[in-house]
Amino acid sequence: MTLAAGRWPAAVPPAGAAPQRSGTLVVYRMELAKLSRQIRVRTIAVCAVIGPFLVVAGFHVQNATPGDTAFGQWVHTSGFAIPMVILGFAAQWIIPGLTALVAGDIFSAEDHFGTWKTVLTRSRSRSQFFTGKFLAAVSYGLALAVILIVTDLLAGLLAGTQPVVALGGQLVPAGHAATLEVLSYASEIPPLLAFTAVGIMLSVLTRSSVAGIGGVIALTFVLQVVTLIDLPGWLQVALPSTPFLAWHGFWEQPAFCTAFWWGLVTSAAWFVVCGGVSWWVFRRRTIGVAA
Amino acid sequence: MRRVRPALAAGAIAALTALTVSGCGSDGLSAPRLQDSISSTFAHLYVLQQAEQGNPQPSLRSLHSHASCQRGTPGTAQDGPGTWLCLITYYVAGPAYPVVAKYKVDVQTDGCYAADGDGPASVNGSTTITGPHYRQLVNPLSLVDGCFDYT
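In the order they appear, the protein sequences are chains W and Y. Going by our numbering, 74 is the number at position 74 of the first sequence; the sequence numbering is gapless. Whatever position you read off the second sequence (first residue = 1), add 291 for our numbering.
Because the hints were derived from the structure by calculation, they are not lab data. One should not assume that every hint holds.
[What the hints assert, rightly or not] Computed, partial: chain W to chain Y, Cβ under 10 angstroms: (1) Ala70; (2) Gly72; (3) Gln73; (4) Gly169; (5) Leu171; (6) Leu231; (7) Ala246.
Even for Gly, the Cβ is constructed at its ideal location relative to N, Cα and C.
Whenever a hint applies, use it, and build me the whole structure from the sequences.
Okay, here's the thing in structure tokens:
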């Protein structure tokens, strides 16, 4: 059977039936249920929870410091430095990779298992499927961010709450440092969602999870090399990886947020464009023709 | 189809705005910005260093720190990422006695830099300093990390 775009049967609720839950919500819940049972997702969650504590333990048993990264020389002086070192290392490639592991697979998995025909003949429309899956990938990304914020902060607090030397040379007391730390991690959420949308787009376009996940990881590596080049200012700001670095400004004296605001615009643009392309392609796709 | 167009249009507008507006009014990784940032960061860290060594603390203002940074040879364009050389002048014993600290500064494209102390040895030469009771502490002036707004 072929379900040409725009001609799938519409869902007709039976007359007199109890008001149904929104179709999007049903798809969303189903996707979340599927995600929470994936070994991959569970492994990531466990790693995100224990990873920061392992890093703290690692610094604890040795004297060397990662001196070539911001906050690196202070890891033995203050527990607040450690999460910032982790952020400096991880932001540009671990975070996109982690979100892509779900986003790059969430649509193409149905292609892989050949289940589009099955799910789309149910009484849920294509837009409900798209929205539900999209929101599920976004929720996963947000959940990941929240886990990282909490565990990194706790791991840092475990290592000590001495004032930390910030990037302006000023000594930041514990309370303010904790606030800045949470803000810094929270500032990773917009670019994280932008990369989620990139993953979804690749997943929809290629119908392949390998391309969806691998494509994002390859993109992050390319961007990391590109970041080393002296690009024109506007191009630098337009790269989806630049907003990951915006948190540096929070730790300056005086603090500046311009990089963060630009990052917000950039991330929103990537999110909207990639999300829009995904929907455009997904809506018009002919599903069910033998490949 | 009807719902696709607004989404695409919104995306295109957002992308265009991001591209055009961000291209305006940027003078990027320039010497004045680096000089302002590194001299201020240095002053903060100098005060911290004196405090950690148990010396009397100078005030930030009294140091009057200022920097002069150069990238490559004088012929090189004086902006952009790469290795810069900064001379930071500050005053600990009145205006007649300037001290000059030298730094090799690695500036990255995102406006963050790592400055490696290049003398005088007593100020930024050693990675550790001796605090009260002979405790070995990190010398805040040996490696200076900072960032400035390049947008």
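So, going through the hints one by one against the coordinates:
no.	hint	in the structure
1	Ala70	5 angstroms, holds
2	Gly72	8 angstroms, holds
3	Gln73	6 angstroms, holds
4	Gly169	3 angstroms, holds
5	Leu171	6 angstroms, holds
6	Leu231	7 angstroms, holds
7	Ala246	9 angstroms, holds
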